[in-house]
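Chain order of the listed sequences is A and B. Residue 202 in my numbering sits at position 202 of the first sequence, and the numbers go up by one each step. Residue 18 in my numbering sits at position 18 of the second sequence, and the numbers go up by one each step.
Each hint should be verified, as a subset may be incorrect.
Unchecked claim - If you only want the chain A side, here are some residues facing chain B, beta carbon under 8 Å, derived:
#1 T20
#2 I94
#3 V203
Said to hold, decoys possible - Cross-link-like lysine-lysine pairs, in silico, BS3-like; alpha carbons within 27 Å at most:
#4 B:K92 - B:K158
#5 B:K36 - A:K115
#6 A:K162 - B:K96
Unchecked claim - Chain B residues, not near chain A, derived (Cβ > 12 Å throughout):
#7 M66
#8 L70
#9 A84
#10 G129
#11 P131
#12 L173
#13 M190
#14 T218
If you are wondering where the hints come from, they were derived from the structure by calculation, not from laboratory data. Think of the CB as a built atom: it goes at the ideal place given N, C-alpha and C, for glycine as much as any other residue.
Next come the chains, spelled out residue by residue.
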Amino acid sequence: MKLHTRLASVPYLLWVVVFTIIPLLLIIVFAFTGTDGGFTIENISAVGRYTDVIMKSIWLAAIATGVSLFLGYPLAYIISRHSARQQNVSLMLIMLPMWMSFLLRTFAWMTLLEKTGVINRLLGLAGLGPFELINTSGAVVLGMVYNYLPFMILPLHSVMVKIDASVIEAAQDLGASPLRVFFKVVLPLSMPGISSGITMVFVPAVSTFIISRMLGGGSNLMIGDLIDMQFLGNAYNPHLGSAISLVLMVIILLCMSIMNQFDDDVDVEGVLR
Amino acid sequence: MKRKSSALSRIYTAVIMAFLYMPILVLIVLSFNQNKSRGAWTGFTFDWYRKLFTNRLILGAFVNTMIVALVSSVAATLIGTAAALGIHTMNKWMKKAVRMLTYIPIMSPEIIMGVSLMLLFVFVRTELGVPLELGLLTLILSHITFNIPYVIFNVLPKLRQMDSYAYDAALDLGCNPWQAFYKVILPEIMPGITAGFLMAVTYSLDDFVISYFTAGPTSQTLPLAIWGQLRRRVSPEMNALSTIIFVVVLVLLLVSNLSSMRRERRGRKAVRL
Chain A
1 MKLHTRLASV
11 PYLLWVVVFT
21 IIPLLLIIVF
31 AFTGTDGGFT
41 IENISAVGRY
51 TDVIMKSIWL
61 AAIATGVSLF
71 LGYPLAYIIS
81 RHSARQQNVS
91 LMLIMLPMWM
101 SFLLRTFAWM
111 TLLEKTGVIN
121 RLLGLAGLGP
131 FELINTSGAV
141 VLGMVYNYLP
151 FMILPLHSVM
161 VKIDASVIEA
171 AQDLGASPLR
181 VFFKVVLPLS
191 MPGISSGITM
201 VFVPAVSTFI
211 ISRMLGGGSN
221 LMIGDLIDMQ
231 FLGNAYNPHL
241 GSAISLVLMV
251 IILLCMSIMN
261 QFDDDVDVEG
271 VLR
Chain B
1 MKRKSSALSR
11 IYTAVIMAFL
21 YMPILVLIVL
31 SFNQNKSRGA
41 WTGFTFDWYR
51 KLFTNRLILG
61 AFVNTMIVAL
71 VSSVAATLIG
81 TAAALGIHTM
91 NKWMKKAVRM
101 LTYIPIMSPE
111 IIMGVSLMLL
121 FVFVRTELGV
131 PLELGLLTLI
141 LSHITFNIPY
151 VIFNVLPKLR
161 QMDSYAYDAA
171 LDLGCNPWQA
181 FYKVILPEIM
191 PGITAGFLMA
201 VTYSLDDFVI
211 SYFTAGPTSQ
221 TLPLAIWGQL
231 RRRVSPEMNA
241 LSTIIFVVVL
251 VLLLVSNLSS
261 MRRERRGRKA
271 VRL
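For reference, chain A alone in the conformation it holds in the complex (with noise of 0.2 Å):
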């Protein structure tokens, strides 16, 4: 009988060959061979031409990042020390912006960036600007912490839930001072949303090519650019964006695995939620 029900998983096996695991052996395989066919390592070689974007990117996202736990940080916390039904409210008011398609989201922010925008155009009546808002890698940093900031906060939100109010009085009441209590307590028992906030941002940051588009104007190219350009752009050469496709999983698995150094198991099903 076990045996019959476990035969249910079967389409979804196949699906699963056929509809990843092959396309991503199909990206290594294109990385690796050149238009004739043959095996070449000349297209990972050229990758070597853009490490200047690919460092950008990294750098950008980076920033992206870092100011995402930065802002989300005391937010999750200040959440999570409420009632449950306020914290309900707040984590539905955070999500609500997510609902919204990610293009016009970027697209509100070219609105208030533009040279004759919202901000500038604000600043003027004061006798400001107009300032080069838009196009500038601080537009693509701004933009990604916009769109996924909630991706740091969520994680970072359900591990502070589970803190218990009561170790938090009980280095009070041994003497601890804020700060100490802070560091010694609250940031070492939110590792493991921190680790996986870092990860959820960092992954689609990097990998973005909207936001740079959008907000970058043509001069902060994205590896996602890149990409982009080798497969629908002019300069169509799908064995070339495989390879620059390669590069970016290998950064994205390494800092996969750097932030599970932190966090023995990521718990997916919980941030999906």
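Dock chain B against the given chain A, drawing on the hints supplied.
Below, chain B alone, put in the same frame as chain A:
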């Protein structure tokens, strides 16, 4: 323990919320602005809404989006639920392996998923000679691929919570396996199936990146149409569209939250009785 939140933490929460909502509010206000260039307010109008509903491109894309979301979510729910049933009966080792596989589409960046699926479809057409053009079908196949994991991870916990003897008991009492499944297991896991289905629908409606690489030039979904419009110029109709989407989501969330709150209250009353 309940502590009154200090003024500082309340201010901080308000600032972050303002950051999250300000761009959306600006979009909503500008959707009623007569002036086409966004900075200045020149008067109230419904024109952009009217134009939106006569924009054939947008309406066609909307129909495509609904078709893709519904077909892919139903298929993903069927395959995913069957898979969860199978995974549930596997031994620990196999379970772990399949779960790892299921994490791949969730954890890997969308651009990698999109590019790898595009490579698969191109490969199938050019190397295997199957006449599979990029279009509605490839879109649906791709959406099923990233939707299945959400169904599996919603159904599996329900199976785990279920009393494992209930099924055997039903068999002992004379049910055939199908009846036992239909009358005992299915009602137990139904909330998980529904949640997974709804999650699949929302992810499918909202997806841009994977659709971008797998849609081809002829079959646009709403996010793709939005992207097309935004790339050329910023059109106020997009403000109107964002506003509609935001309001619809807000109403849906409020309704579902209110009903779950009422259910909770009823549940609490029942416990007290």
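Violated hints, by number in ascending order, as checked against the structure: 9
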